[in-house]
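What follows is each chain in one-letter form.
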Amino acid sequence: MDGIRSWFDYLSSRTDLVVETLLQTLTYVVSVTVAASIVSISVGVLTRHNPFAKELSLSIASVFLTIPSLALFTIFIPIVGLGFTPSFIAMFLYALLPILRNTVAGLDSVDSSVMESAKGMGLTPRQVLFRVQLPLAWPIILAGIRVSALLTVGISAIATLVAGGGLGDFIKSGLARLPLPNSLEAIWTGVILSLALALAVDLVLRTIGRFSNPSGVRS
Amino acid sequence: MNLNPQDPPQEEKSVTTPKISLRDVTKTYSGVDTPAVKDLNLDIASGEILVLVGPSGCGKSTTLRLINRMIEPSAGEIIFDGEDVTNSDPNELRRRMGYVIQQVGLFPHRTIAENIAIVPKSLKWPKDKIRARVDELLELTGMDPNVYRDRYPKELSGGQAQRVGVARALGAEPDVLLMDEPFGAIDPITRFNLQNEFLRLQSELKKTIVFVTHDIDEAVKMGDRIAILRDQSEIAQLDTPEAILTNPADIFVEDFLGAGAVLKTLTLRRLNDIQLVHAPTITERTNRSEAAAQLRQSDFPFAVLLDDSRRPIAWVNQADLDSSDPLASNSRRIPVKLEPEDTLQEALSVMLQTSAGMSAVVDSTGQYLGTCTIQSLAELLTEPPVDGDSL
Chain H
0 MDGIRSWFDY LSSRTDLVVE TLLQTLTYVV SVTVAASIVS ISVGVLTRHN PFAKELSLSI
60 ASVFLTIPSL ALFTIFIPIV GLGFTPSFIA MFLYALLPIL RNTVAGLDSV DSSVMESAKG
120 MGLTPRQVLF RVQLPLAWPI ILAGIRVSAL LTVGISAIAT LVAGGGLGDF IKSGLARLPL
180 PNSLEAIWTG VILSLALALA VDLVLRTIGR FSNPSGVRS
Chain E
0 MNLNPQDPPQ EEKSVTTPKI SLRDVTKTYS GVDTPAVKDL NLDIASGEIL VLVGPSGCGK
60 STTLRLINRM IEPSAGEIIF DGEDVTNSDP NELRRRMGYV IQQVGLFPHR TIAENIAIVP
120 KSLKWPKDKI RARVDELLEL TGMDPNVYRD RYPKELSGGQ AQRVGVARAL GAEPDVLLMD
180 EPFGAIDPIT RFNLQNEFLR LQSELKKTIV FVTHDIDEAV KMGDRIAILR DQSEIAQLDT
240 PEAILTNPAD IFVEDFLGAG AVLKTLTLRR LNDIQLVHAP TITERTNRSE AAAQLRQSDF
300 PFAVLLDDSR RPIAWVNQAD LDSSDPLASN SRRIPVKLEP EDTLQEALSV MLQTSAGMSA
360 VVDSTGQYLG TCTIQSLAEL LTEPPVDGDS L
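Sequence lines, in order, name chains H and E. Numbering follows numbering that gives the first Met the number 0, in which position 103 of the first sequence is assigned residue number 102; successive positions increment by one, without gaps. Numbering follows numbering that gives the first Met the number 0, in which position 31 of the second sequence is assigned residue number 30; successive positions increment by one, without gaps.
If you are wondering where the hints come from, they were derived from the structure by calculation, not from laboratory data. There may be inaccurate statements among the hints.
[To be verified] Have a look at the derived ranges for each label pair, beta carbon to beta carbon:
| id | chain 1 | residue 1 | chain 2 | residue 2 | range |
| --- | --- | --- | --- | --- | --- |
| 1 | E | D32 | H | S61 | 38 to 46 Å |
| 2 | H | I59 | E | S55 | 36 to 44 Å |
| 3 | E | E76 | H | T123 | 17 to 25 Å |
| 4 | H | S58 | E | E71 | 54 to 62 Å |
| 5 | H | R209 | E | D149 | 13 to 21 Å |
| 6 | E | S55 | H | D201 | 47 to 55 Å |
| 7 | E | P125 | H | T123 | 15 to 23 Å |
| 8 | E | D127 | H | I59 | 33 to 41 Å |
| 9 | E | E196 | H | D201 | 48 to 56 Å |
| 10 | E | S55 | H | R205 | 44 to 52 Å |
| 11 | H | R209 | E | K123 | 28 to 36 Å |
| 12 | E | G81 | H | T123 | 19 to 27 Å |
[Stated by the list, open to error] Negatives, chain E to chain H, calculated, CB over 10 Å:
| id | residue |
| --- | --- |
| 13 | N67 |
| 14 | G81 |
| 15 | E82 |
| 16 | N86 |
| 17 | Q102 |
| 18 | K126 |
| 19 | D186 |
| 20 | D272 |
| 21 | L305 |
| 22 | T364 |
For each residue, glycine too, the CB sits at the ideal point set by N, CA and C.
Chain H extracted, bound-state conformation (with noise of 0.2 Å):
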């Protein structure tokens, strides 16, 4: 209990602080979340006809995954310096992979006598996207985004190693003054408060997803 009374006064002796690096880390998120929603949404609708592309452009988005998320928040600072960029760019790359695989999914899942059938009914290649191919493909690509924006909150708490400020201020700073007081507290702010955005993003994506997702297709 006195745990718990302790951290809520640290937090609230310090509520600027708390809603600026809650604010910097949202703005990663939402940044994040749309670049990468756009570019690998477009990608997978570039590709949808050649497989070769498709799939060189999986890859690509696979090996962003696999690299050490310490290093990559480093390696562009020489060439953009410090702060936001970087970490901004080195989580943009983490997100294309789960929004690129599920959009290519979607778009493959769609059931070929649904394509045959408009095609056959006189629509245009454009048409068939947008009205038919992107709508039935939507759920699974949103659910895509929503994986993408849970995995930019988690690694956003690295920003704060390449001073791009957000919740990982908090965690940064305590870890580094451990035994002494209010360190624990720090941490906890930046661990509780990164759940919480957490949970409020997939609530809302969620809440998107209900009124987005076309009727008729799941139940």
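We have chain H already, so just place chain E on it with the hints.
Coordinates of chain E only, in the frame set by chain H:
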């Protein structure tokens, strides 16, 4: 109308100009030496159902898909309504031809009404016209619009889905329907019903239909003409079902028809086509000894017992007439009455079910018209088909 001197030549033209023509059409897939379809020439007349039938891999589906250019021909021409459409906009061409496939392919994220409205919508029909058309098509295909309009495809059975598939293909009133094994994935009973309903629909709509199937029975039932195809979509025989069944062109066609070809002709002929015979008729009030004498003089083993409204009730033989039991109580009752529109196959199956070996034919009000016997069927089958049926 007929007084107009310009009419006769026009009429003649509409008979002789095919709705769709394939001219020397060849399809070769890249990396394959032998063409899938080779130098195919095919004319499809306006308002007919032309069935393409053949063993798997003969290229019948490919041929169908060449017509709406789902597959682009490697060589040759496709003429539609007298116009060369080989190089026109394929999407525009497809909107003018309804397309029905075995797996239906309804859009699962659209309601039934939205599915049927797809082509009218891409042709930019006004909204209220589309709505009226959707309801009309649902009714036409035997689906209550109020029940099904706003449902989603996953709520439909296979048979219902294909009804909607047909309705959707008819959406923008195309003159032509291309159907690729439309009833192939449907259980036999539902298929039977859908075939009959579709034929009834066609007798009103008079569309030009190209129908692909691998089932010769379905081909015989549905086709005004049948093209039997062998490898590379080569036409082994193209004729009316009667002509093909009674006079197969070669051994390939004979093998493909199978042993039951003669029996299949029964599904094509109707009781209208045969001369009914007239067994003696009696009622409960007829004097029995007179009736017995009449029956003895005739060639028939049975007389027909009619009720007061001349509806047939039972077959009565000499022994029944000699006894004093009520005639209607004997075991040779006539449970199924045939009408002149019924096929000879149905007549045969009724005959085989009753011990009398005859079947009674009635008119639409149930009154007795005459009798069909095994002998009259046998005579018909051994006769060659009437000339002039085969074009």
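Here is how each hint holds up against the structure:
A C-beta distance of roughly 39 Å is found between E:D32 and H:S61, which places it inside the suggested range of 38 to 46 Å. The given range of 36 to 44 Å is respected by H:I59 and E:S55, whose C-beta atoms sit roughly 42 Å from each other. Judged by the Cβ atoms, the range 17 to 25 Å given for E:E76 and H:T123 holds: they are separated by roughly 24 Å. The supplied range of 54 to 62 Å is broken by H:S58 and E:E71, whose beta-carbon atoms lie about 33 Å from each other.
A hinted range of 13 to 21 Å for the beta carbons of H:R209 and E:D149 is consistent with their spacing of about 20 Å. Our hint of 47 to 55 Å for E:S55 and H:D201 holds, since their Cβ atoms are close to 50 Å apart. Take E:P125 and H:T123: their Cβ atoms lie about 21 Å apart, and the range 15 to 23 Å holds. E:D127 and H:I59 have their C-beta atoms about 51 Å apart, which leaves the hinted 33 to 41 Å range violated.
Against the hinted window of 48 to 56 Å, the Cβ-Cβ separation of E:E196 and H:D201 comes to about 50 Å, which satisfies the hint. At about 47 Å, the CB distance of E:S55 to H:R205 agrees with the hint of 44 to 52 Å. Between H:R209 and E:K123 the CB atoms are about 33 Å apart, so this pair conforms to the stated range of 28 to 36 Å. A hinted range of 19 to 27 Å holds for the C-beta pair E:G81 and H:T123, which are about 26 Å apart.
Its closest Cβ contact with chain H, about 7 Å, brings E:N67 to no more than 10 Å, contrary to its assignment away from the interface. No Cβ of chain H approaches the Cβ of E:G81 within 10 Å, the least distance being about 20 Å, so the stated non-interface status holds. No beta-carbon of chain H comes within 10 Å of the beta-carbon of E:E82; the shortest separation is about 16 Å. Against the 10 Å criterion, E:N86 stays outside the reach of chain H, whose nearest CB is about 16 Å from its own CB.
With 10 Å as the threshold on Cβ separation, the claim that E:Q102 sits away from chain H is violated: the shortest Cβ distance comes to roughly 3 Å. Non-interface call for E:K126 relative to chain H: holds, since the shortest CB-CB distance, roughly 17 Å, exceeds 10 Å. Look at E:D186: its CB is around 18 Å from the nearest CB on chain H, clear of 10 Å, so calling it non-interface holds up. Interface exclusion of E:D272 from chain H stands, the closest Cβ pair being 39 Å apart, more than 10 Å.
Non-interface call for E:L305 relative to chain H: holds, since the shortest CB-CB distance, roughly 54 Å, exceeds 10 Å. Consistency note on E:T364: stated as away from chain H, and its beta-carbon is indeed over 10 Å from all of that chain's, at 45 Å minimum.
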